[in-house]
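Asks: Chain order of the listed sequences is A and B.
Each residue of the first sequence is one higher than the one before, starting from 1 at the first, in my numbering.
Each residue of the second sequence is one higher than the one before, starting from 280 at the first, in my numbering.
If you're looking for bench data, these hints aren't it; they were derived computationally from the structure.
What you are looking at is a predicted structure, and each value in this text was computed from that prediction instead of being measured.
For glycine and all other residues, C-beta sits at the position ideal for the given N, C-alpha and C.
Where hints are given, some of them may not hold.
[Stated by the list, open to error] Some chain A residues flagged as far from chain B (calculated, every beta-carbon gap over 12 Å):
no.	residue
1	Leu51
2	Glu63
3	Gly160
4	Asp175
[Unchecked claim] Calculated pairs, DSS-like style, for lysine-lysine (alpha carbon to alpha carbon, straight line, at most 30 Å):
no.	chain 1	residue 1	chain 2	residue 2
5	A	Lys145	B	Lys315
6	B	Lys281	B	Lys297
7	A	Lys172	B	Lys281
8	B	Lys298	B	Lys387
9	B	Lys306	A	Lys174
10	B	Lys356	B	Lys298
11	B	Lys315	B	Lys391
12	A	Lys172	B	Lys315
[To be verified] Here are some chain A residues pointing at chain B (derived, C-beta under 10 Å):
no.	residue
13	Arg83
14	Phe198
15	His256
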Amino acid sequence: MSQAFTALQSFLLKSSGLSLDRDKQYLVEARLDPVMQQVGLKSLAELVARLEADRSLAKKVTEAMTVNETFFFRDRAPFDGFRDAILAELLNARARTRKIRLWSAACSTGQEPYSLAMILDEEARKLAGWSVDIVASDIADSVLKRAREGVYTHFEAQRGVPMSHLVRYFTKRKDQWAINQNIKARVEFRQQNLMADFSSFGVFDVIFCRNVLIYFAPEQKRNVLARLARALAPDGYLVLGAAESVIGYSTEFRPHDENRVILTRRGRDEVALPRGALC
Amino acid sequence: MKNVLVVDDSPMIRRIAKKILEELNFKTSEAEDGQKALAAVSASMPDAILLDWNMPVMDGLEFLVNLRQMPNGATPKVLFCTTESDVKHITRAMQAGADEYIMKPFNKQIVKSKFEEVGLG
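Working from the sequences, and respecting the hints, build out all of it.
Replies: What follows is the structure, given as structure tokens:
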């Protein structure tokens, strides 16, 4: 392994919590080549040498290396769970305040928060008189810009969006599909690195943090999960990616009784089972 | 294994669709226009139909209207697969009884997601 690769590993871990495995050398080339060409650098060593001093370069590298793949209603189950379990329970639990706060952490190009906004629109009748905030954040300005624009390619708009939703929530602009203003207006986008302090975001009833932690090193996973737990109401919900689990990284969550893709906070008097006991 | 009838006048599109559908574990058969597709479904009703819009002899919409009037014609899931991609066409397809709508060009991910959408994932 080259010295430059090792230096890049430690930079990414520090700057974004991203854990770059040794076998990801190909990924580095594929993703950083365009950056090197753009700024006129010839080797990874040159690039790494400038990272410390050049903040705009550091930002470009972080953005290029973080994974942005996403699509509307990705995996379906979490969104069905949001509608059928989470929302149904919150309608009871928050009946007095009539206020719900959602956070889509690491929202990439916006498909996740917009999917949630579409569900809220479908459930509008039940939510009449309620205020529902959706905060969506990502580390990368470039994807946030696209998320705010809410304009998707032919391929992006078709993947995961049922035809009834396409007709109802999008407007065709040439070969692209723009999400309608009433859905867009429901989402507030903010730049946020999950490794940095996000306590100013306040407390949420639901946090979607999907397919993010898998890229983090164990220590970073523990750190982020501990702070996510503090950003979540005691009876709030955490939704992770299909292949993700908190086992070994946090004892503050347990699977929802009816829906395994949803986690709830463990009560203060509940005894945490030993590591590995919850599968 | 579920059966999908691919209806398209382009042999190339039929070939691509067949390859993708077989990778997704569907069995496929083919028809090159709406009339031939009607004959095919009369002989044996498939689980799903991937349906082009613009075809000679009988177009996709006319086929769909005929299909939905047949005994058992309500059973197959119908997914349009067409270059027509404006809201007007999509709405007309929905009203005629289409279950989903794929806009060309398409890829495997889109086909997979649309078949999941109609419950044939």
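Asks: Tell me the numbers of any earlier hints that the structure contravenes, in ascending order.
Replies: Hints 3, 4, 5, 7, 9, 12, 13, 14 and 15 not satisfied by this model.
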